[in-house]
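**Q** So the sequence lines, in the order shown, correspond to chains A and B. The working numbering numbers the first residue of the first sequence as 1 and each following residue consecutively. The working numbering numbers the first residue of the second sequence as 1 and each following residue consecutively.
No lab work stands behind these hints, which were simulated from the structure alone. Bear in mind the structure is a predicted one, so any value in this text is a computation, not a measurement. Even glycine gets a Cβ: it sits at the ideal position worked out from N, Cα and C. It cannot be assumed that every hint is accurate.
Far from chain B, by Cβ distances over 12 Å, these chain A residues were calculated [as the list claims (entries may be wrong)]: (1) I143; (2) Q216; (3) R302.
Among chain A residues calculated to face chain B with C-beta under 8 Å, some are [claimed, not checked]: (4) A57; (5) S60; (6) S99; (7) V119; (8) V148; (9) V181; (10) L210; (11) P230; (12) G231; (13) L233; (14) N245; (15) S263.
Simulated coverage check for chain A against chain B, where a stretch passes if three residues somewhere in it have a Cβ under 8 Å from a Cβ of chain B [said to hold, decoys possible]: (16) 67-78; (17) 102-113; (18) 289-300.
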Amino acid sequence: MKTSTHPTQADASLPSPTRQEHDRAPKPTTPPTPPLIKRVGAPAATGATHALLVLWALLSTVPLLWALISAFKDNRELFGNPWQLPSTWHADNFTRAWSRASIGDYFVNTLIVVLGSLVLTMVLGSMVAYVLARFTFPGCRLIYYAFVAGMAFPVVLALVPLFFVVKNLGLLGSYHGMILVYTAYALPFTVFFLTSFFRTLPTAVAEAALIDGASQEAIFFRVMLPMAKPGLLSVGIFNFLGMWNQYLLPVALNTDRDKYVLSQGLANLASQQGYEADWSALFAGLVIAAVPVIGLYLALQRRIQAGLTVGMLK
Amino acid sequence: MNHGKTRIILLFLALPLALYGALVVSPYAQAFSISLTSWSGFTADKPFVGFDNFQRLFQDPDFWQALGHNGLLLLVVPLVTIALGLFFAAMLNVGGSDGKVAGVRGSALYRRVYFLPHILPVVITAILWQFIYNPQIGLLNGGLDAIGLGGLAHTWLGDPAVALWSLIAVMVWAGVGFYVVLFSAAMQSIPRDIFEAAELDGAGRFQTLTRITLPLLRESVQVAWIYLGIHALDAFALFMVLTPTGGPDNSTMVLSQYLYLSAFGNGKFGYATAIGVMLSLLSLLLTALTFRGSRDKNTIEF
């Protein structure tokens, strides 16, 4: 099942009888009831329905707006009425969060770890997926199922042994250690998804290139990878959000305070808040951490919804 | 076709398999053997104790309490999230008043807005709600005060009676939008003529919903159930941030958190891993049960 690729199309493509009904309608604000349907008390139900839809929309947005506005208040105002706008908008909360509360460092750490892991995951994942999709060889099913099984177990089960594996490799609290671990745990889904994607791609071009004397590796990088772009993009978005979100792995393995990622650093800051703490900077830090994800979502809304839901329906 | 095949297979598999083997397969495999030891983490040898850890688990009231909380999450979170998701998806896709097979006005915008909480990183959601629930600066108590319901104010995360429910509310809040989008997609893949045929046969809107739309969504609901169930069995980040020590009187302790605190807080690595094994068995069981429950029925294809 292909998901969310055409949500708005369907909104527009009303079936023809309804559309005609609509065209004859006198007033668009109160849509008419199509005569085919016997509906008792429908207008009231619609009103209540709309109220519920609006209510949930408010529930979804008001907490975010409140956090955004609070990020501009000073500490004294924060302890006042939560519904009041700040008397002066304190943009300095953001500079304080960025430098004094180390959010800037955490942000950079997160970028390094997430982007590093993302690139490595996509490269390694598509290599494995391609080989599994295109060739049969002894052990290929075993390898495929080993990756699929990796999705079935909760990561917490591996946490204790993983801690010691990483420790013994001397990789605790290091960028490259985190990148390797993030990548390893992103591989199962990436391989699973891309294998089925590569299977759907036509091989005629690849075979023609092979006859022309191109090496298998060149075919992969020059022919197959470009063809797999839509799949790579979906799984890439999925992985990016998952990695930006990651908390369990860094909290156990990223033991060096200077290397904290955003989720970890923010959680740590939040847990140390007391009465004299810099709440407004923490709100600002929250906003800073949320902005890339929300920005990405607003820019690529459709793709993200598709990328996230596609993970479930395959 | 086979030219260079062996080389590319070896070349492309070597590094990913080494990485996956060392950091994923081996830790999972080790977990099962560590769960049979009383390892404290800092000795070279891991004293083998057989099934002692599991025996102790079954007599550990904290374990049962955490398991009970996971059980409650497993029951409530999927039920409420799926019900709300189905309801909103139905309103947005087939609940429009200018024809039963269309969505309400602005349904695309609603979907976009509902999805926002889901897109937030879990830790940000958790801290945000920590603020909202905060008795001094929080939005919730302030809001209740503002509309004259100040008597309902609580220390939401500090009161054992409401703490777990406060966390459940956050899980639902963050989840619903995703399932609205998921179920919307599924509803839109139902061919329009099915609705039109039902309409001609005189089916009302409610009948169409209960007799056509919902039965055809069975598969999506089932997937959602597994996903939410696995989520409810984990829930680590949310619980660790909102109630780092398991809440007042352990009232919000869940298994993943109990595992983490036993291992990295108390150095009981063998015991903690046994919790992990139990947790994994539960999630495998959940998946198996859900799939089994529906295997006899035919898949619907359009």
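**Q** Hint by hint, say whether it matches the structure.
**A** Each hint, compared with the structure:
Distance check for I143 of chain A against chain B: the nearest CB is about 7 Å away, which does not clear 12 Å, and the non-interface claim fails. Against chain B, the non-interface label of Q216 of chain A is violated: not every CB pair exceeds 12 Å, the least being about 4 Å. Not every C-beta of chain B lies more than 12 Å from that of R302 of chain A, the closest at about 9 Å, which undercuts listing it as non-interface. Checking A57 of chain A against chain B by beta carbon gives a least distance of about 5 Å; that is within 8 Å, so the hint holds.
The criterion of a C-beta within 8 Å of any C-beta in chain B is met by S60 of chain A, whose closest approach is roughly 5 Å, and the hint holds. A least Cβ separation of about 20 Å between S99 of chain A and chain B goes past the 8 Å threshold, and the interface hint is therefore violated. Interface restraint check for V119 of chain A: the shortest CB-CB distance to chain B comes to about 14 Å, outside 8 Å, so the restraint is violated. Annotation: V148 of chain A was flagged as interfacial toward chain B, and the flag is violated, the nearest CB pair being 12 Å apart, outside 8 Å.
Interface restraint check: V181 of chain A against chain B, minimum CB-CB distance 6 Å, threshold 8 Å, status holds. Interface hint status for L210 of chain A: upheld, as the beta-carbon distance to the closest one in chain B is roughly 6 Å, under 8 Å. Below 8 Å, beta-carbon pairs count as interface contacts, and P230 of chain A has none with chain B, the closest being about 17 Å; its hint is therefore violated. Checking G231 of chain A against chain B: minimum C-beta separation of about 17 Å lies over 8 Å; hint violated.
Given the 8 Å rule on beta carbons, the hint for L233 of chain A is violated: about 17 Å separates it from the nearest Cβ of chain B. Below 8 Å, beta-carbon pairs count as interface contacts, and N245 of chain A has one with chain B at about 4 Å; its hint therefore holds. The restraint placing S263 of chain A at the interface with chain B holds, with a minimum CB-CB distance near 4 Å, inside the 8 Å limit. Proximity of the segment 67-78 of chain A to chain B, defined as three or more residues with a beta carbon under 8 Å from a beta carbon of that chain, is established by the 3 residues found.
For the segment 102-113 of chain A, the stated coverage by chain B is violated: 0 residues have a C-beta nearer than 8 Å to a C-beta of that chain, whereas at least 3 were required. Residues of the segment 289-300 of chain A with a Cβ under 8 Å from some Cβ of chain B number 5, which satisfies the need for three, so the listed coverage holds.
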